[in-house]
Amino acid sequence: MFKFADELGPFKIIHVYEPSVGLKAVLVVDNVARGPAIGGVRIAPDVSTEECFRLARAMTLKNAAADLSYGGGKVVIYGDPKMPLEKKSQILRALASALRYTEEYIFAPDMGTDEVCMACIKDEIGRVVGLPCEVGGIPLDEVGATGWGLFHATEVALQYCDFELKGARVAVQGFGAVGKHAARFLTRKGAVLVGAADSQGTIHDLEGLDVDTLIRLKREGKSVLDYPGGEKLGCDEILSVPCDIWIPAARPDVINEGNVHLLKAKLVVEGANIPVTEGAEKILYEKGILYVPDFIANAGGVICAASEYQGATRCTAFGSIEEKVRGNTEQVLEAAKTKGILPREAAVELAVKRIKRAMRYRRWSIFSSAPGFV
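Under the numbering used here, the sequence shown has 356 at position 356, and the numbering climbs by one with no breaks.
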């Protein structure tokens with residue numbers, strides 16, 4: 001871990017192994033200077049500890065940029081995200097029990113986990129956000145909290161572009177909990193969805209795709225490839241779909257130095273965590289393609305989660321998402337324009353300044369009293 005450690009963290013890395021239920025997992029708590037770490041539980045077969053750290057760091061920056069009183073963390077459970085719910089429930093309950101006294105970390109949903117999964121964790125230890133409304137939560141994926149934030153980040157970013165939202169062509173990579181809601185909110189304001197991709201492939205139609213039909217197909221457990229009409233393409237061909245706005249809402253590092261030249265967009269709004277490598281972001285900047293960094297654009301989910309944890313209503317949470325995401329997007333893009341720096345550099349500068357200020361005023365090291373967090 002020391003090869004990627006820096007002055008901000010990670011604060012703690014815990015590997016969990018429980019062979020009786022097939023649990024293998026890693027928790028990275030990156031920084032807790034501003035408060036306990038909120039971060040999602042991801043189920044995937046192929047995430048390294050270093051990538052888990054990068055995801056946790058993205059949460060640290062995201063929470064600080066959103067001016068939330070929380071740090072950043074991430075859990076990765078090694079396995080198939082489509083495993084049967086009964087098996088998933090066993091593994092999540094075992095994980096929650098193993099991390100019962102790691103009070104620096106608050107569980108949240110991520111790729112492969114949802115509100116039902118979070119209810120299992122609540123039943124075990126109670127330290128969780130993103131719950132079903134039946135048990136007092138705001139179901140983040142169901143209401144589209146992250147997608148709502150992406151919509152507002154896009155609206156603000158368009159002030160720095162030469163086209164309007166009405167009639168703008170949108171392509172979404174990862175038509176899941178984040179991507180489908182981003183598409184829904186954007187098309188309601190006049191944008192046209194021309195491409196959507198999931199793990200099975202890409203559906204493309206320059207005349208426009210019906211978002212409600214795609215959402216229904218996904219709800220039925222089908223693929224975007226089951227859409228009636230349009231052109232069927234491979235998964236990665238979403239990169240080269242001609243569009244104005246491109247939204248990566250799937251895995252990390254999907255745009256890199258080797259494929260960024262395929263992108264045919266004017267604006268990239270990062271819906272996933274770390275979906276674009278730093279090198280690729282520099283190339284986008286040099287090509288005049290504006291982008292909104294992940295932890296600025298996709299903060300809606302964690303803002304909603306923090307609101308839920310503090311007992312707020314869905315209406316209040318959505319108002320907070322709109323205010324914070326719009327304000328941060330404007331601040332970051334204006335700073336990037338004024339200073340002549342990358343949007344990510346401006347975003348990191350904003351977040352790190354807030355983290356370091358907290359580190360000066362709070363005992364947050366390993367010698368701190370963890371139970372004081374919650």
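Just so you know, the hints here were simulated from the structure itself, not pulled from any lab data.
Built from N, CA and C at the ideal position, the CB exists for glycine as well.
A hint or two may mislead.
Below, a list of computed lysine to aspartate or glutamate pairs in the DMTMM-like style, where the Cα atoms sit at most 20 Å apart [what the hints assert, rightly or not]:
{"no.": "1", "residue 1": "266", "residue 2": "220"}
{"no.": "2", "residue 1": "266", "residue 2": "226"}
{"no.": "3", "residue 1": "189", "residue 2": "164"}
So the derived label-pair ranges between C-beta atoms look like this [said to hold, decoys possible]:
{"no.": "4", "residue 1": "237", "residue 2": "81", "range": "33 to 43 Å"}
{"no.": "5", "residue 1": "97", "residue 2": "166", "range": "27 to 37 Å"}
{"no.": "6", "residue 1": "330", "residue 2": "22", "range": "19 to 29 Å"}
{"no.": "7", "residue 1": "352", "residue 2": "264", "range": "27 to 37 Å"}
{"no.": "8", "residue 1": "282", "residue 2": "20", "range": "43 to 53 Å"}
Quick rundown of the hints versus the structure:
no.	hint	result
1	266 with 220	33 Å, violated
2	266 with 226	29 Å, violated
3	189 with 164	10 Å, holds
4	237 with 81: 33 to 43 Å	23 Å, violated
5	97 with 166: 27 to 37 Å	51 Å, violated
6	330 with 22: 19 to 29 Å	46 Å, violated
7	352 with 264: 27 to 37 Å	33 Å, holds
8	282 with 20: 43 to 53 Å	47 Å, holds
Violation of the numbered hints given earlier is confined to hints 1, 2, 4, 5 and 6; the remaining hints are satisfied by the structure.
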